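Since chain A is already given, all that's left is putting chain B on it; use the hints.
2 protein chains.
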Amino acid sequence: MAGRQERDGDGATPPEHPTITFSPSAEFPPLNETELAALHQVGRRWRTDLRDQPPRDARLPLDPSLEQYRHRPAPSRFHRLGRIEMFRTEQHGQLTATGSTSTTGTRLGRATGRVRRALLGPPLASAAVLQERMRKLVALPVLSSDLLSSVAYGPEAMLAILVLAGSGALGLSLPIAAALVVLMITVGASYRQTVYAYPHGAGSYLVASDSLGPRFGLTAAAGLILDYVLTVSVSVAAGLQAITSALPALTPFTVPLGLLVIAALLAGNLRGVRAAGKIFATPTYLFIAAILLLFAVGVVRAAERGFSPVPPPTVGAVEGLGLLVVLRAFASGATSMTGIEAVSNAVPVFKPVEWRQARTTLTWMIALLVVLFAGLTILIHLNGLVPRADETLLSQLAHRTFPHGPWYALIQATTAMVLLLAANTAFNDLPRLLFFMARDGYAPRRFLHLGDRLALSNGLVALAGAAALVFVAFGGYTQSLIPLYAVGVFLAFTLSQSGMVMHWRHHRERGWRRRAALNAFGALLSALVLVTAAITKFVAGAWVAVLAVPLLVLFCRHIRSHYDAMRQALALPPAVAEAHQSSGQGGGRARAPEPDTGQAAPGTAGGPDWQVAPGTAGGPDSAEGSEEARPNQVRETSGPGDLRVDLTPGEVRHLVVVPVARLNLAALRALAYATSLGQPTFAVHLSPEQEEADRFRRQWETWGDHLRLETIISPYRTVIGPLAQYVEALHSVRPEVTLTVVVPEIVVRHLWHHLLHTRTELRLRRALRDVPGVVITSVPVHLPE
Amino acid sequence: MAGRQERDGDGATPPEHPTITFSPSAEFPPLNETELAALHQVGRRWRTDLRDQPPRDARLPLDPSLEQYRHRPAPSRFHRLGRIEMFRTEQHGQLTATGSTSTTGTRLGRATGRVRRALLGPPLASAAVLQERMRKLVALPVLSSDLLSSVAYGPEAMLAILVLAGSGALGLSLPIAAALVVLMITVGASYRQTVYAYPHGAGSYLVASDSLGPRFGLTAAAGLILDYVLTVSVSVAAGLQAITSALPALTPFTVPLGLLVIAALLAGNLRGVRAAGKIFATPTYLFIAAILLLFAVGVVRAAERGFSPVPPPTVGAVEGLGLLVVLRAFASGATSMTGIEAVSNAVPVFKPVEWRQARTTLTWMIALLVVLFAGLTILIHLNGLVPRADETLLSQLAHRTFPHGPWYALIQATTAMVLLLAANTAFNDLPRLLFFMARDGYAPRRFLHLGDRLALSNGLVALAGAAALVFVAFGGYTQSLIPLYAVGVFLAFTLSQSGMVMHWRHHRERGWRRRAALNAFGALLSALVLVTAAITKFVAGAWVAVLAVPLLVLFCRHIRSHYDAMRQALALPPAVAEAHQSSGQGGGRARAPEPDTGQAAPGTAGGPDWQVAPGTAGGPDSAEGSEEARPNQVRETSGPGDLRVDLTPGEVRHLVVVPVARLNLAALRALAYATSLGQPTFAVHLSPEQEEADRFRRQWETWGDHLRLETIISPYRTVIGPLAQYVEALHSVRPEVTLTVVVPEIVVRHLWHHLLHTRTELRLRRALRDVPGVVITSVPVHLPE
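Residue numbers (the UniProt record's numbering), protein chains in the order written: chain A, 1 to 785; chain B, 1 to 785.
So that you can see chain A by itself, here it is in the shape it has in the complex (with noise of 0.2 Å):
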C-alpha cells in the first residue's frame, strides 16, 4: 500500500489548498479588510465622542476580570461559596471557563447538564481535537459500516430484477456484477485521487463547488442529503426486521425499537469520535470475519461438487429479457455502493497525515467490497439460489452453507448488527457535510458549533430527527425506500468526478491526463447508473428524489441569500466621510452611503418645533429637530430596517418611556431605574375609564409628580395595543430618537404561575418588535414563591 501512495503523491505532499478544519472559531470568521478599515473609521467619530468621557476604566464599580474577587469566598445565589471558581485565568488576565459553566444556572440547565454529561461524558476542550481523530484501524469500520453492508442486499436487489426474466436469465448475474466490480474500482480510485486533491476535505460537496460551481455543489449535497437521511431509516428498519424475523414476538414494537435504535446511534455520536469507533468497530470486523468465513466454506464446498453449478429451481418469466431488464438489474445492484463516499468528508478526522491515512482505508475498504460482492454472487451462482420474499439470499446461503451449529445464526446476526450500524456512516458524514454547507451559508450557522464533546452535535440531531422522522411516517417500514436513494447518492458520485475532471484540467499537473481519464471514466459509469435508476425507477419511487433535490437545493440558496442579505444588512458602512470627524456634536446623522444628505447640522433645520408646556422651564435642548421637517424621505430611505443610525454614542438621542399600571414597589423600581440612566423620562399610564386616570394622577401627585406622566384611556379596555401604538406613534413623530421602553419583568417561581400574571412585558415587547428604534429594557422582579 505504501508504495502505491508514494506513486500516487509522487513523493511529494499534495497541492495547497486553504486550510478547512473544524475549528471551533469557525462560528467566529475573522474581519476582512474593508471591515476593519470601516470599524477603524467608526472608532475614530467614537474617539470624538467620548472626548469628554472620564478615562475608560474609571468608573467601572468592579474589577471585570473577577481577578480581586478569585481568592476569596463570594456569595453565590445558592449560599454557596465560590461561584468565581467556574473561570480559570490563564495568562494576563485571560478568564477561562470550567467545565461547570457549560450548564446554565437554573434549576432546569443544571438537571439537564447532569443527565448530558452521564450520557455523553464531560465536555472535551477545544485543545483536544487533534486526540479525538481516528487511526485506521477505527476509521475502517467506522466509516464503512454502510458501505459494506449493502452487500447484504447488494446481489439480492440485482438478482431479483433478473428473475424477473426467469430462471435462466440469472446467468446474466456474473457478467452485471463483472460490471459493477469495475464500476466499484473505478469510482474507488476515482475517490482515491479527489483525497489526494482535496486533503481537507474532498466530499462531493466540496469538489463540485470548487470546480463546477456551487450549483453544482448544492445539487451533490442535496443528493447526499437525501441519501443520508434514507440510509438511517432503511438501515435501522432492515436490521430490526432480521431482529424480528428471528424474535417475532418484537415485530408490534417495530417503532419504539427503531427509535430507540436511533436514539442510541445519536447518544454513540455525540459522545464523540473516539467514542463513537470504539462501540462500532467489533460489530463490522466480526461481520466480515464471518462473511470470509462463508465463502471459504462454501469454496470448499463447492470444490467439492467440483464448482459445477447448482442448476436454480425455475421461475417462469414476467417480462421479456432486454437491455432495459439488464440495465435496472445493474442499476440495482449498484446500491451496494451506497456508503462510498464516507471516507473523502471525514478526511479531517484521521490523524495526520489525514489524506495518506485516509486515501489507505479508502483502498482497503473497495478492496473488502470486491471481495465481499464479487465473492457472495459467486456463490450464489454456484449455489442456484433464487431470490425469495420470505427469507433473504444471504440467509438462504449461509443455511446452505452451514445446515448445522451455531454458524448461520452468527452470520445472520453480524448481519443485522452491521445493518443497524450502516446507520453510523451517515452519522458520521452528513453533519461534516452539514458543517461544510453551513460555513459557505447554504445550511443554517448551528451547524457549524463544535458540541461540548467535540462532534458537530446539531447536525446528528438534525439527521437523528429527520430519520425518526421518515421511520415513524413510514410505520419502520422502508425498504420500498431504497430505490429512492440509489439515485441521491450516483448524483452526487456523478458530479463529484466531473469536478475532477474539471480540477486536473485546470490544474495540468504532471500525469493529469490520466488521472482525468480515469475520473470521466468513473463519471461516465455513475452517470449511467443515475440515468438508468432515475428512469426505471422513476415510478418506484424515484420521483421523489428527482423532485427534492432540486427543492433541496433552491431551499438551501434562499438560506443562502438570508444570509447574505442579514450581512450587508450588518456590515459597517465602508467608508464614512470624514469631514463629519470634525462636527465632534453627535447630533448628526452618519449614513455612510449618502454622507452629506443623512447628515444635518444639527440646530439647522427650523430649530426646535415643540414648545414645552407653560410652566415648565428650559427648552428641549438644541440639536433636536433637526430630523422634522423630512421625516416621510428618512423613512423611505431606511432600506435595511433601522440599522442607519447609532453607531456611535454620540449619535444615540434617547427618550425613556415607562408604562405603569400601578405604584408599587416594581413600578418604582422601573421608574427609578429608568431615571437613573440621566436620560429624558416620562411615565405613561393606560387607562380604562376617566375615573380611573384621574385617581391615578392624584396617586401620581402624591408621589411627587416627578416625572411626566401621561394618561392614555383605553375605552375599549385593551392594554397591548393602545400600548404598542403609542410607542410607534412616539416614534413616527421622531424617528431619529432611540425609544427605550421599560418594563418591570414578573419572574414566577413555577411555570403555571404564569397563567395568574397578564405577562405585559413580554406580550408588549412581541407588539413593538417589528418597531425599529425601539430598544425594550426589562427590569426583573422575583417573586418570592
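These aren't lab readings, by the way, just hints derived from the structure by calculation.
Please note: incorrect hints may appear among the correct ones.
Put simply, identical chains are the same to the list, so a pair is met inside one copy or across any two.
What the hints assert, rightly or not - The calculated SDA-like cross-link candidates involving lysine to any residue, where the alpha carbons are at most 25 Å apart (straight line), are: (1) 537 - 318; (2) 351 - 690; (3) 351 - 691; (4) 537 - 567; (5) 136 - 178; (6) 136 - 351.
If you're wondering where the values come from, they're calculated on a predicted model, not measured in any experiment.
Leaving out everything else, chain B in the frame of chain A:
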C-alpha cells in the same frame, strides 16, 4: 307580582352594600392609606435625588401628549399617513385610544383583529356598560334555559329510580313530585330574599363568603364551577343526542359537532350580553310554548278519559321499595332544579333597578319551573308511561299525545334547542362567578378583564375550553356525568341559604325571624338532597365531585396565597426612617423594615477594595464597596427576591455589560447604545480558543479600544452557560450594583428564519431570568428580508 315585591321590600330600597359592578377599573384596585403614605415618603427621597437635575420636562425631545403632531401628517411604518389619528384628545390634553388601536401593529395582530371584528362585532367602549344591561323579557330566556330545560330529564330521572322497585312503585311519583315542588318554591323564595339582601350580586359564593366566611364561599364556588363546566358538556351532549337520534347519519360527527356548538356558544357570548340575549330568547320561549301546548292537549285527552290513569305496563322489581329508593328518586328528581342559581349571580346585568328586575324574573322562572315539572309528572302518570332506554319519557308523552301531525316533531326540536341552549346559562354565570373570585384573589386576575365587547371574555374562554375538554374526553357521551352535578349544585344551595340565615341573624331587620326561618327550611331541604345525592350516587360518580370540590378549594386558596405573597413583595415599605432624607447621597440602602441595618453610610466600610489596573487614571467612585464586607448578610436578609433596593434613582448603581460576538453593525449599535447611557460600561467577548480571542482583541484595538474588553475563553464552546454565569459572578461580588446586559436582538421577518439564528438574546434572557438585579436590554436589529 308588583304587590309581592312591595311587601318583601316594604316599599323601601334594600340595605346598603358596597357597590359591586363589573367595572373595567376592577383591574386597577386603588391604593390604600398606608400605601399612599409610603408612596409619598418615597417621593420625598426622589426629590432629594433629583435636586440637581434639570426641570422635569425640559429635556424631552418630543411632546408625549402628541398634541403638536396631531394635525399634520406623520409617517407610519406602512407609508400611510395618520398614525396619530389613533388617539383622540379629550379635555386637557387627555389622550384617548380609538378602536383601531385594539389590535397590535403586527401583520398577525391586524389579521386576527379583522377576523375577531367580523365574528364578534366592533369593540364597545366602557361607557356602553349600561346599554348592555338586560330587560326582564330578555333575561328570562337567557337565564332560565338551564333550569327549564332540566324538566326534560328531571321527571324521567325520578321515575327511572322508582321503576327499579317495580311498576307498582311508580305511583309514588306524585307525592315525591309534590315534595319537589315544595323544595322548588322554598329554594326559589329563599333566593328571592337573597337577591333582596344582596342587590349587587347574590350568588352562593358571595353570600356564603359574606356570612359564613371565605372558606364556605370557596366551597360553594367550587361546587358551582364543577356544575357549570359539566352543564355545558352534558347539555351539548344531550342536545346533540336529540339531533342524532333524528338524523343518525350525523352520529359519527358527534365530537366535532359538539365542539362546533361550544364554539358557537362561546362566540355568541363573546359578542356580549345583549347580542347573546337576542340569539337565545326565541328557542326558550318556543320550548315553553310547546310544552304548554302539550299540557293543554294532554289534559283534554285525560279529561276525555275522566282523568283515570292508564295502568302502566308491569315491570318487575329489581330492588325492594324502601326509604332509600324514595330518597334516591327525590334526589334524582331534584336535578330539575339545576340552574335556579342563575339569576342571583346575574343581578348586576339587569337594567336598573337591578334587584327588582332580577327578583321578578326569578319569580317567573320558579313559577314556570313548577308548572312544567308538576304538569309533566302528572301527565306521565295519567298516561301510565314507564322510562325506556330507547326513548325519552318526554318523547313518549309527545307521541302519545300527538299521534299524528307535525306537533311531535316541534316538541322534539324545541327540546333539543333548549337543551343546547341550557349550556348558555353556564356561559352567563361562570364568568361572573370567576370575576367575583378574581376580585378576591381566589382566581387568576385575568378574569377581571372586560373584553372589548364588555363580556368577561377570559371566563368565557376558560369555560368553553374546560367544557370542550370534558366533552372530548368522554367522546361526547357525557350523560353519565349527570349524577355528578347534583352534588355541586345542592352544595352551593345549602351554603348560600345557610349564609342567608346567618345574614338575617346578624342584621336583625324587621321580620328577620320569618326570613331566617324560610332560608333555614330551604337550607335543610337542600342539605337533605345534597347528602342523599352524595351517598346514593357516590359510586356512580358523585365521588368525583366529593373529591374535586376540596381540591378546587385548595387550588383557589393557593392562588390567593400567591397573590398575597406578590402583593406583599410589591408593597412599598410602609415607614421609611426620616433620617434617610438628610443623607442625600443615594449610595445608601433603604430597606424600610430595618432602616438602620440596611444603610451603611457611603464610603465607610473599608473603602474601595478594587484598585484600577495601572495606567488608567482615577479610582472607582467613592460610594462603592460599602456592602462589600458583609455580602452574605445582605443576601440572607433579602427575603423577597431583589426588592430591597433601587426605589429612587440615587440608589441605583449601574454597570452596563455588552456581550459582543463579532464587531458588526449590530454589535456597534449595542455598544453605542450602552455607552450613550453615560453609565460605567464594558464589553465581554466569549471565544472558543485563545487564537480567536487574540484576533478579536486586535479587531477591538483597530476599533480604538474605547471600552474595557473582557475576553473569556470557553474551551467547551458553550455560549450561554459561561456568559450567564459570568454575569452571575459579577452580581455575586457586588450584589448592590444593577447590571444591565445590552444584547442586540436579531428580528427576522419570517418565523422559520429563527432556525437560521442562534437567538442568543432569548436564551441569555432565559438563563439570567433568575438572577436578581440583572436588567436585560434588547437593542433590536431588523433584518431586511
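Verification of the supplied hints:
{"no.": "1", "hint": "537 - 318", "result": "within (17 Å within a copy, 71 Å between copies)"}
{"no.": "2", "hint": "351 - 690", "result": "between (77 Å within a copy, 23 Å between copies)"}
{"no.": "3", "hint": "351 - 691", "result": "between (78 Å within a copy, 22 Å between copies)"}
{"no.": "4", "hint": "537 - 567", "result": "neither (43 Å within a copy, 70 Å between copies)"}
{"no.": "5", "hint": "136 - 178", "result": "neither (28 Å within a copy, 96 Å between copies)"}
{"no.": "6", "hint": "136 - 351", "result": "within (8 Å within a copy, 89 Å between copies)"}
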